[in-house]
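Assemble the whole structure, with the sequences as input and the hints as a guide.
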Amino acid sequence: MKKNIDFKNSNYIVRESASLQDAMEAITANHRGSAVVIDEEQHVIGIITDGMIRRALLKGAIMQTPARQALNYNIIFIQSADTKTLKNIEKFFLDHPAINIVPVVDKKNILIDIVIRGGSYEGA
Amino acid sequence: MFDSKKSKKILIIAGSRGEYGYIRPIIREIKKTKDFDYEMVVCNMHVLDTFGSSIEEIKKDDVKIGAVVHNTLDGYNRLTMTKSLGIFMMELPAIIERIKPDFILIAGDRGEQFMAAIVGAHMYIPVVHIQAGELSGNIDGAVRHAITKLAHIHLCSNEDAAQRVGKMGEETFRIFNVGAPQLDELVAGEMLSEKEVREKYGIKKNKPSILLVQHSVTEEFDQAEKQMAETMKAVAETGYQTIIVLNNSDAGSKIMRKAVFKYRTPKMKIFENMPRADYAGLMKAAFVLVGNSSSGIIEAPLFKLPVVNIGNRQMGRMRGVNVINVSHNSAKIRLAIQKAISPKFKKQAAKAVSLYGDGKSAKRILDILAKLKIDNKLLVKQLTY
Numbered sequence: 001m002k003k004n005i006d007f008k009n010s011n012y013i014v015r016e017s018a019s020l021q022d023a024m025e026a027i028t029a030n031h032r033g034s035a036v037v038i039d040e041e042q043h044v045i046g047i048i049t050d051g052m053i054r055r056a057l058l059k060g061a062i063m064q065t066p067a068r069q070a071l072n073y074n075i076i077f078i079q080s081a082d083t084k085t086l087k088n089i090e091k092f093f094l095d096h097p098a099i100n101i102v103p104v105v106d107k108k109n110i111l112i113d114i115v116i117r118g119g120s121y122e123g124a
Numbered sequence: 001m002f003d004s005k006k007s008k009k010i011l012i013i014a015g016s017r018g019e020y021g022y023i024r025p026i027i028r029e030i031k032k033t034k035d036f037d038y039e040m041v042v043c044n045m046h047v048l049d050t051f052g053s054s055i056e057e058i059k060k061d062d063v064k065i066g067a068v069v070h071n072t073l074d075g076y077n078r079l080t081m082t083k084s085l086g087i088f089m090m091e092l093p094a095i096i097e098r099i100k101p102d103f104i105l106i107a108g109d110r111g112e113q114f115m116a117a118i119v120g121a122h123m124y125i126p127v128v129h130i131q132a133g134e135l136s137g138n139i140d141g142a143v144r145h146a147i148t149k150l151a152h153i154h155l156c157s158n159e160d161a162a163q164r165v166g167k168m169g170e171e172t173f174r175i176f177n178v179g180a181p182q183l184d185e186l187v188a189g190e191m192l193s194e195k196e197v198r199e200k201y202g203i204k205k206n207k208p209s210i211l212l213v214q215h216s217v218t219e220e221f222d223q224a225e226k227q228m229a230e231t232m233k234a235v236a237e238t239g240y241q242t243i244i245v246l247n248n249s250d251a252g253s254k255i256m257r258k259a260v261f262k263y264r265t266p267k268m269k270i271f272e273n274m275p276r277a278d279y280a281g282l283m284k285a286a287f288v289l290v291g292n293s294s295s296g297i298i299e300a301p302l303f304k305l306p307v308v309n310i311g312n313r314q315m316g317r318m319r320g321v322n323v324i325n326v327s328h329n330s331a332k333i334r335l336a337i338q339k340a341i342s343p344k345f346k347k348q349a350a351k352a353v354s355l356y357g358d359g360k361s362a363k364r365i366l367d368i369l370a371k372l373k374i375d376n377k378l379l380v381k382q383l384t385y
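Protein sequences appear in the order of chains A and B.
As numbered in our numbering, residues 1 to 124 make up the first sequence, in order.
As numbered in our numbering, residues 1 to 385 make up the second sequence, in order.
The set of hints was computed from the structure by calculation and includes no laboratory data.
Take every hint as true, because none was put in to throw you off.
If you want a taste of the chain B side facing chain A, the calculated C-beta under 8 Å gives, among others:
{"#": "1", "residue": "Lys258"}
{"#": "2", "residue": "Phe261"}
{"#": "3", "residue": "Lys262"}
{"#": "4", "residue": "Arg264"}
{"#": "5", "residue": "Lys269"}
{"#": "6", "residue": "Ile270"}
Beta carbons: idealized from backbone N, C-alpha and C, even for Gly.
As structure tokens, then:
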């Protein structure tokens, strides 16, 4: 699978060093309630959601707190070699009703695509 | 002059997760008695992760926090680590002036504890050091023994350590073998049950599970990423369910994280920080502890937990028959993990005995402090040679 993500402009991606404000802006723009968090080398670190940001703020975080401190590391991701799941993505979303976006990673855990409920990634 | 009717105030320094395990049992014991009062100075990584982490755990325990010091600079290299210590040392004298403690209680071998020992010694306030005389395999080891030269009372967790403190020229009336207070809560059974742990952390019963905790070693800072990569590769190859607890804010911690996220598999769960009761429960539920945490040396024998101890960090410490030592090499680590979870080794680990006390240390420590007279004999140190 070829890398087809615009890392700089995607509203589905937040860097771990980005602030909660940045994360909130991305999530607001993408209308999916969550975003994928990556490190400088594009490894997937986790997911950050509306709810995680809200809970962090209630615990005393500020808008400038790094996203790294609010995210969930333990997420479901799909490996690019797992073509069975990727070909039948509707079934995946049926099996995982709480998930709206899923990172697709290569063997080295580098983000190469994001699958979105209700439509594939279009570099929004 | 010292007034015996008044309760004595102990100032406690807490900078990282590990130390809080030594400190909490003592705070519990202090709360039970009228002879003592305490305040805690919270600094370094406790306040770095401002929420969902260690300071939250401290607050939940209803601990009296006398001062919060934000001393740690971002960057996590040797320069920022050292400069951060300087900031802490600058802050502390004014805090001591305000709180006016009778004792300063420090624990272990970290830089903030060392700064507190320097400040206490210079301000002529008795410094009481928990975990004196142990060996740790890097700058921490040097710091621990430097603290010994400044501290007034040395509380050792085992006989070996007590003898070492004596050989450093410390007077015998200052040295006590009290055991390791972090065992107190474990012996008292304050931990999640195996069932609770399995549910909370999603660990399947009867399937091998790994608890992975690896810190960077300061002298081997430039190799930290590679060292973590070797461990991660080995653990990934086993295919076993794994709980990873991320490391401290040491130099090297950031680049070690990189290796974690590069080599992780869907079988691995990653946590920044976890309550001690959960960690203890995981030690009970896991098949093997992998990495270089001191918990593998000190706490693991209580759970008869097999340990794969990697590299030099715990070099020279007394260890039980439950520990397998291995170098930073993924093939060797993998073999050691396989050996550790074998039924044969499990039998061997079952024979491990705690070398670090019986879990009644906190009371012993307070009894020692209660009898202690704060006079020139205590405050003016003499060498025995």
